[in-house]
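Q: Sequence:
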Amino acid sequence: MMTEHVKAIHELTPDELYRIMKLRVDVFVVEQKCPYAELDNLDQAAMHVWLEDEGRIMAYLRVMDKGAESDCVSLGRVVSAKRRCGLGTGILQKGIQVAQEVYGAEAIYLEAQTYARGLYEKLGFRQISDEFMLDGISHIKMILYNPESGARNMSKTAPQSIEL
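Quick note: the sequence shown, position 17, residue 159 per my numbering, numbers continuous.
Hints were generated in silico from the structure; no laboratory data involved. Cβ coordinates follow ideal geometry from the N, Cα and C atoms, glycine included. Please note that the accuracy of each hint is not assured.
Taking lysine to any residue and the SDA-like style, the derived pairs with C-alpha atoms no more than 20 angstroms apart in a straight line are [stated by the list, open to error]:
#  : residue 1 : residue 2
1  : K224      : M144
2  : K164      : L181
3  : K208      : K264
4  : K149      : E196
5  : K236      : V148
6  : K175      : R225
7  : K236      : N288
8  : K149      : Q242
9  : K208      : E243
10 : K224      : M143
11 : K236      : V172
12 : K264      : C227
13 : K149      : C227
14 : K149      : M189
15 : K264      : E290
16 : K236      : A150
17 : K264      : I282
18 : K164      : D277
19 : K224      : K208
20 : K164      : I199
21 : K149      : L181
22 : K264      : Q235
23 : K264      : A254
24 : K149      : K208
25 : K149      : C176
26 : K224      : T155
27 : K236      : T145
28 : K149      : R198
29 : K164      : R225
30 : K236      : E173
31 : K224      : R198
32 : K236      : M200
33 : K164      : D195
34 : K208      : A150
35 : K164      : A210
36 : K208      : E253
37 : K164      : D182
Pair ranges (Cβ atoms, derived) [what the hints assert, rightly or not]:
#  : residue 1 : residue 2 : range
38 : G209      : K164      : 25 to 31 angstroms
39 : E146      : M275      : 17 to 23 angstroms
40 : T145      : V244      : 17 to 23 angstroms
Please put together the full structure from these sequences, using the hints given.
A: Next comes the structure, spelled out in structure tokens:
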């Protein structure tokens, strides 16, 4: 049975932190053949969100408040152990919920690998930048406005750049 977890870094057990970092490195560094600074000093300011099944982390992301990484509440390090089986959608839905409930997000920002654009668009994210290369992989900036906030009126004039 899949369980959801949301924890600040000081609440993580050493085993949970290890399993999170292992999944991130296995996918982003090893599988994608992308040597980059995975440990970026932002995890300390993040809420760590993951889906677990029988002790195995199946999907993960981190949620950061405004000012930690960008001018908006942001999602990052979105990863799943298996592809095309709903894990990405599930973890993103939980991440959006955490962003809104914990940080009161009116807008949620992320930098998506371009190939995954459709996944984010299904959940309401909109592209707000041209493609750019980040660590050798094509990315786009995307934003999701909370329909309950006044930010929805800004949707047609989304910022083309966001301070990082």
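Q: Hint by hint, say whether it matches the structure.
A: Here is what the structure says about each hint:
Under the criterion of a C-alpha separation no larger than 20 angstroms, the hint pairing K224 with M144 is consistent with the structure, at around 14 angstroms. For the given pair, K164 sits about 11 angstroms from L181 by alpha-carbon distance, which is consistent with the 20 angstroms threshold. Our distance criterion of 20 angstroms between C-alpha atoms is broken by K208 and K264, whose separation comes to about 24 angstroms. Annotation: proposed proximity of K149 to E196 holds, straight-line Cα distance about 18 angstroms (limit 20 angstroms).
Restraint check for K236 and V148: satisfied, since their Cα atoms lie roughly 9 angstroms apart, inside the 20 angstroms limit. Taken as a hint, the K175 and R225 pair is honoured in the structure, with Cα atoms around 17 angstroms apart against an allowance of 20 angstroms. A threshold of 20 angstroms between alpha carbons decides the hint, and for K236 with N288 the separation of about 14 angstroms falls inside it, so the pair holds. Proximity of K149 to Q242 is assessed by CA-CA distance (about 15 angstroms); at most 20 angstroms being required, the pair is judged to hold.
Restraint check for K208 and E243: satisfied, since their Cα atoms lie roughly 14 angstroms apart, inside the 20 angstroms limit. For the proposed pair K224 and M143, the alpha carbon gap of about 16 angstroms is at most 20 angstroms, so the pair holds. Taking the CA atoms of K236 and V172, the gap is near 26 angstroms; set against the 20 angstroms cutoff, the hint is violated. Annotation: proposed proximity of K264 to C227 holds, straight-line Cα distance about 15 angstroms (limit 20 angstroms).
Distance restraint check for K149 and C227: the Cα-Cα separation of roughly 24 angstroms exceeds the 20 angstroms cut-off, and the hinted pair is therefore not satisfied. The straight-line distance between the Cα atoms of K149 and M189 is roughly 6 angstroms, inside the 20 angstroms bound, and the hint therefore holds. Restraint check: the Cα-Cα separation between K264 and E290 comes to about 18 angstroms, which is no more than 20 angstroms; the hinted pair holds. As the CA atoms of K236 and A150 are separated by approximately 15 angstroms, the hinted pair is consistent with the 20 angstroms bound.
Taking the CA atoms of K264 and I282, the gap is near 15 angstroms; set against the 20 angstroms cutoff, the hint holds. Proposed proximity of K164 and D277 is supported: the alpha carbons are some 19 angstroms apart, at most 20 angstroms. Between K224 and K208, the direct Cα distance comes to roughly 30 angstroms. Violation of the 20 angstroms bound is thereby established for this hinted pair. The hinted pair formed by K164 and I199 meets the criterion: a straight-line CA distance of about 10 angstroms does not exceed 20 angstroms.
The hinted pair formed by K149 and L181 meets the criterion: a straight-line CA distance of about 18 angstroms does not exceed 20 angstroms. Among the hinted pairs, K264 with Q235 is consistent with the structure: their alpha-carbon atoms are about 11 angstroms apart, no more than 20 angstroms. This hinted pair checks out: K264 and A254 have alpha carbons roughly 13 angstroms apart, not beyond 20 angstroms. Of the supplied pair hints, the one linking K149 and K208 holds, its CA atoms being roughly 18 angstroms apart against a limit of 20 angstroms.
Only pairs whose Cα atoms come within 20 angstroms are accepted, and K149 paired with C176 is rejected, the gap being roughly 27 angstroms. For the suggested pair K224 and T155, the alpha carbons sit about 24 angstroms apart, so the restraint of at most 20 angstroms is broken. Simply put, K236 and T145 have alpha-carbon atoms about 11 angstroms apart, close enough for the 20 angstroms limit, and the pair holds. Of the supplied pair hints, the one linking K149 and R198 holds, its CA atoms being roughly 16 angstroms apart against a limit of 20 angstroms.
Taking the CA atoms of K164 and R225, the gap is near 17 angstroms; set against the 20 angstroms cutoff, the hint holds. Distance restraint check for K236 and E173: the Cα-Cα separation of roughly 25 angstroms exceeds the 20 angstroms cut-off, and the hinted pair is therefore not satisfied. Using a Cα cut-off of 20 angstroms, the hinted pair K224 and R198 holds, with the two alpha carbons roughly 12 angstroms apart. Of the supplied pair hints, the one linking K236 and M200 holds, its CA atoms being roughly 13 angstroms apart against a limit of 20 angstroms.
With a C-alpha separation of about 16 angstroms, the suggested pair K164 and D195 falls inside the 20 angstroms cut-off, and the hint holds. At most 20 angstroms may separate the alpha-carbon atoms for a hinted pair to count; K208 and A150 meet this at roughly 16 angstroms. For the hint linking K164 to A210, the alpha-carbon distance of about 23 angstroms lies beyond 20 angstroms, and the restraint is violated. At most 20 angstroms may separate the alpha-carbon atoms for a hinted pair to count; K208 and E253 meet this at roughly 15 angstroms.
For a cut-off of 20 angstroms, the pair hint linking K164 to D182 stands: about 15 angstroms separates their Cα positions. Between G209 and K164 the CB atoms are about 29 angstroms apart, so this pair conforms to the stated range of 25 to 31 angstroms. Remark: the range hint 17 to 23 angstroms for E146 to M275 is contradicted by a beta-carbon distance near 33 angstroms. About 18 angstroms separates the C-beta atoms of T145 and V244, a value consistent with the hinted range of 17 to 23 angstroms.
In summary, the numbered hints that this structure violates are 3, 11, 13, 19, 25, 26, 30, 35 and 39.
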